[in-house]
Amino acid sequence: MSEFLVFFLHGLAYAGLLFLVSAGLTLVFGMMNVLNFAHAAMYMLGAYFSYTIVMQLTGQFWMSLMICPVILFVIGAVVERFLLRRVHRYGHVQELLLTFGLAYIITELVKWYWGNYPLAINVTGFLNGTVSIFGIIYPMYRIFIFVCAILVGGVMALVLYKTRLGIILRAAVNDSEMTNTLGVNVPLVFMGVFAFGAALSGFAGVIAGPLLSTFPGMAQEILLDAFVVIVVGGFGSLGGAILASLIIGELQSFGVLLFPKLSMALVYLLMAAVLIIKPSGLFGEES
Amino acid sequence: MSKKLVYGLCFLFAVLMMSWPVSSGAAEDTIKIGATEPLSGTFKDIGERYLDGVVYAAQLINESGGLLGKKVEVVPIDSELKPDVATRKAQNLILRDGVKFFCGGTGSSVGAAMAQLAERQNVIMFTYGMDAASMTGVKCNKNFFRPGGSTDGRSFALAELIVKLGYKKIAIIAQDYSFGQEALAAFKKRVAKISPATKIVVELYHPAGTKDYGPYVSQIIAAKPDVIFTPNWGNDLTLLLKQGRPMGMSQKVFSYYINDEVTIEALGNDSLMIGNMGAEIYTLSIPTKKNEAFVAKFYKDKGYYPTWLRGKAFIATMFWAEAVKKAGTTDVAAVIKAWEGLTYDGPAGLWTMRACDHQAQVPYWYTEIVPKTKYFKHAFEAPKGMISAKAVEVPCAETGCKMK
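Here the protein sequences come in this chain order: A and B. Following my numbering, the numbering of the first sequence begins with 1 at its first residue and continues without gaps. Following my numbering, the numbering of the second sequence begins with 1 at its first residue and continues without gaps.
Calculated directly from the structure, the hints in this document are not laboratory data. Here the structure is a predicted model, which means the values were calculated and not measured. Just to be clear, a hint being listed does not mean it is correct.
To be verified - Reference listing, derived: stretches of chain A covered by chain B, where coverage requires no fewer than 3 residues with Cβ under 8 Å from a Cβ of chain B: (1) 119-126; (2) 132-145; (3) 215-221.
Stated by the list, open to error - In silico negatives: residues of chain B with every beta carbon more than 12 Å from chain A: (4) T30; (5) D45; (6) S64; (7) D84; (8) I94; (9) G98; (10) Y213; (11) G234; (12) E265; (13) N269; (14) D301; (15) D345; (16) I387; (17) K402; (18) K404.
What the hints assert, rightly or not - DSS-like mimics (lysine-lysine), calculated; alpha carbons at most 25 Å apart, straight line: (19) K188/B / K261/A; (20) K188/B / K111/A; (21) K261/A / K337/B.
Cβ coordinates follow ideal geometry from the N, Cα and C atoms, glycine included.
Looking at chain B on its own, in the form it has when it is part of the complex:
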């Protein structure tokens, strides 16, 4: 029985090997970029929106004559949100099709594995949505770029906002894993630095995917904070608000991803959301001419809005294309060199790719959830100003990144 199985597997393997085209260094008339996103499973919706932004960027580039005279082709890779799956599929693309560029936005663990693969195979990986600060910190490498935000930047931006608005007592709550811990640590650090009089009245960690928030909410209420800060996302944000508000947790919530239209809609009750504030590197409501033009064109082409995920992926991909254009070649070493120090003035303001850690220095845009906007029927974000890249910068010496 087991022998048969082994033979069967061997046969299957042999057939699979033979069916692969043996075309080394495939046709060079397109520039391929592999987008690793969860395209199945629970986070499919997030992966698809990111992918949409990357594909739209490729479409615009191709409409205006392509990149270095070649068409950009986006190859979707279903990462299933598993590092091993993403790297296995990416490795195949590298060996079989000679793909040199990869991007992705979901799952810092996927990103970390992809960054290692990129270094080993000498290709480029960039992210627009994997936010763990350590990725351009202690885990940095020369083949990995982050034209996007980080937990440090977001926490600093929100700490500055809360202090500026004059709140003195803050409750902080996060998911109990590296992302949540890094987010709260950065937040506390910045608050202590700029306003020693501001107190963190309660600090809570809960397992990701908690079902009953009652015991946490009661502790927040008992601490009597002015406002609440949380990097929670998805269900962990929804349930905190959904279960917290009826229990009397009426404070404004400051959160990383408050402007997610899917989360707001899933709550199905705008009053839980209105008044909450966030900080994001791209939001639909950025009040600049460039962004208004981008949003209008996207809406005309697609019939829906380039909300945050799509926008972030779009800008990052355009930024990557600028680097390739400047390099004048798809040679990986040349593109790395060209991207370092490059600036891109897109819909979200001026982005600068720092050479020391490959972390883009970007401004953050504040938003507040209001009942009525021109975009959706449900409550959505309105612009509340921005904070410059300089104000939320982590100095090169403090990132922990040692680029080889």
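Here chain A stands alone, though its shape is the one from the complex:
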């Protein structure tokens, strides 16, 4: 029983990380129809800024948790305003290529500034401890990841479906011209959405830093996972991303325990199955 619980917790923690990484990606896609290849590179930037803030400047993990998303928000806003908006009228392929190129540029900048080797981000105090759950000693940090994911998911759902801002956002997506005519500054809304997506990726990077390695290959490593999550969950669906993260997290955790030889394949089998049965993903809208 306790073994079952441990593997369940592993699954939850990893699901939390997956959701944090893919939330921004799926939000931007859902709202703006832009598949942001630079998302993972921004996640990496978040981790590296966190390294500088935690290990070189303040020594406070909480500080980086608050500052990094703000930095990434600004970067996201600049990218949307001065790059993405300009290529928008040429179509989606150009937008895709732009974010693709951006990902490369960010990766090279990271190598140039921080170096081409792994860096350590260590948390201290409360988060570095362990908790006892039904007699199992479990690292606090993994619980923390899951809690963060719940908070982020909750806030996003609340804003989107329960506030005036959410109504404007959804209206802008449905019919941007009409919304524009009604006096809403739609370009500003889109800039905000993209910037918020970037901030989310930065937040995910900060969270991932102490658990994984901070190195120039980390963006590429996570990108595939994030894509699997949003393909399974359905492009642009927040609920889909939550459900898909949970399924994939638990599938990996129990897969390693029960079918060690297949643990890698399981996730892709799931993706294949979803694509065959419901090509738009679990919660995706049929187009």
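Given the coordinates of chain A, work out where chain B should sit on it, guided by the hints.
Showing chain B alone in chain A's frame:
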């Protein structure tokens, strides 16, 4: 549009062809050696440290009058860790500049492709860091030499150490590809041979580049081993320790490459590392006069230490130079003949190049990670004895190598 592209490419190709110097059999006043290492990308740091060792060996040789009266010139080749890229660039060097000697330390797949190229073009390729046992086993050929370690040697050395220290229950975990599988197979074989009472309590394989080690660590902890053995390297070693220790995986870890200063520093937390042990063909801390003299001179020349990668590449290159010296010529057949059976007594003890498979027979040096050393601010290795080449030998008949 596509027609234009084709013309353009043809033009580009023609220009490139013309711009190549048509000097066949280039000037013979230097002996060139091509070093294939990843000099860009994720493994750049490893490639650069290996290259540093090769270049330093060439520098020392040139300072003492050169090789056969000629200067040794190292030609860095960025392999990008891709077999096709490495062989394409090497082929150019062979055809254009008449380069006859190649070396490299990163990526057994690159090594295997380079070994084939060497056989086809009749040049020599040697490695100091590509460890897959099969390279001097079933895949061996007469143009390929390994003045370095192998998964067999390392696994045997660590199996002997664990048994000698009296541990009875071992957890083993490796990356799920040929390297990891060969490493664990050799380890299990040696443990079963020398100590049938010792049990492998859990055997795990994970994909290279795994991000969440939680499910693996939980299985290790549940099996209650005395110690853990793993050939993992790079991120796969870092994350196993970084995620495993807080979950209560407190056992000593025995690993191939535990003495990597970059890995230790990247962990940023010495307590995760202290007490772990390794076996390596060259380590900074080898307590012999020859090594102390080498380390001191290197530090004086460069201002930093010839840690394992640099040391291994240095010794292997010096060994190659000995073979050329003995041959008295750069003729490939003569150098191959001269290297077979040759011994080299360097900083890492006595190395013997075996004729049957071109695998150097080398002693392995044990290390343990301790909090304080004179070398670095962070935790680093301290010497813990050695095991002779004879004790970890794979008999010629068992290598699977059929030299043509």
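We went through each hint and held it up to the structure:
Beta-carbon proximity to chain B at under 8 Å applies to 4 residues in the region 119-126 of chain A; the threshold of 3 is reached and the given coverage holds. For a cut-off of 8 Å, the count of residues in the region 132-145 of chain A with a CB near a CB of chain B stands at 5, and the three-residue condition holds. Check result for the region 215-221 of chain A against chain B: holds, 4 residues qualifying (beta carbon to beta carbon below 8 Å, three or more required). Chain A leaves T30/B outside its interface by the beta-carbon criterion, the shortest separation being 31 Å against a cut-off of 12 Å.
Non-interface status of D45/B relative to chain A is broken: a Cβ of that chain comes within 12 Å, the nearest being about 5 Å off. The claim that S64/B lies off the interface holds: its Cβ sits roughly 34 Å from the closest Cβ of chain A, which is beyond the 12 Å cut-off. Residue placement check: D84/B keeps its beta carbon more than 12 Å from all beta carbons of chain A (closest about 20 Å). No Cβ of chain A comes within 12 Å of the Cβ of I94/B; the nearest lies about 30 Å off, and the non-interface call holds.
Every CB of chain A lies more than 12 Å from the CB of G98/B, the least distance being 33 Å, so the non-interface label holds. Listed as outside the interface, Y213/B is inconsistent with that label: its C-beta sits roughly 9 Å from the nearest C-beta of chain A, within the 12 Å cut-off. In this structure G234/B is not separated from chain A by more than 12 Å, as the shortest Cβ-Cβ distance comes to only about 8 Å. Distance check for E265/B against chain A: the nearest CB is about 8 Å away, which does not clear 12 Å, and the non-interface claim fails.
Its closest Cβ contact with chain A, about 6 Å, brings N269/B to no more than 12 Å, contrary to its assignment away from the interface. With a least beta-carbon separation of about 23 Å from chain A, D301/B lies farther than 12 Å from that chain, consistent with its non-interface assignment. In this structure D345/B is separated from chain A by more than 12 Å, as the shortest Cβ-Cβ distance comes to about 34 Å. The beta carbon of I387/B is kept farther than 12 Å from every beta carbon of chain A, the shortest such distance being approximately 31 Å.
For K402/B, the shortest C-beta to C-beta distance to chain A comes to about 32 Å, beyond the 12 Å cut-off, and the non-interface label holds. Residue placement check: K404/B keeps its beta carbon more than 12 Å from all beta carbons of chain A (closest about 37 Å). With a C-alpha separation of about 19 Å, the suggested pair K188/B and K261/A falls inside the 25 Å cut-off, and the hint holds. A threshold of 25 Å between alpha carbons decides the hint, and for K188/B with K111/A the separation of about 40 Å lies outside it, so the pair is violated.
Under the criterion of a C-alpha separation no larger than 25 Å, the hint pairing K261/A with K337/B is inconsistent with the structure, at around 45 Å.
Comparing the model with each earlier hint shows violations of hints 5, 10, 11, 12, 13, 20 and 21; every other hint is respected.
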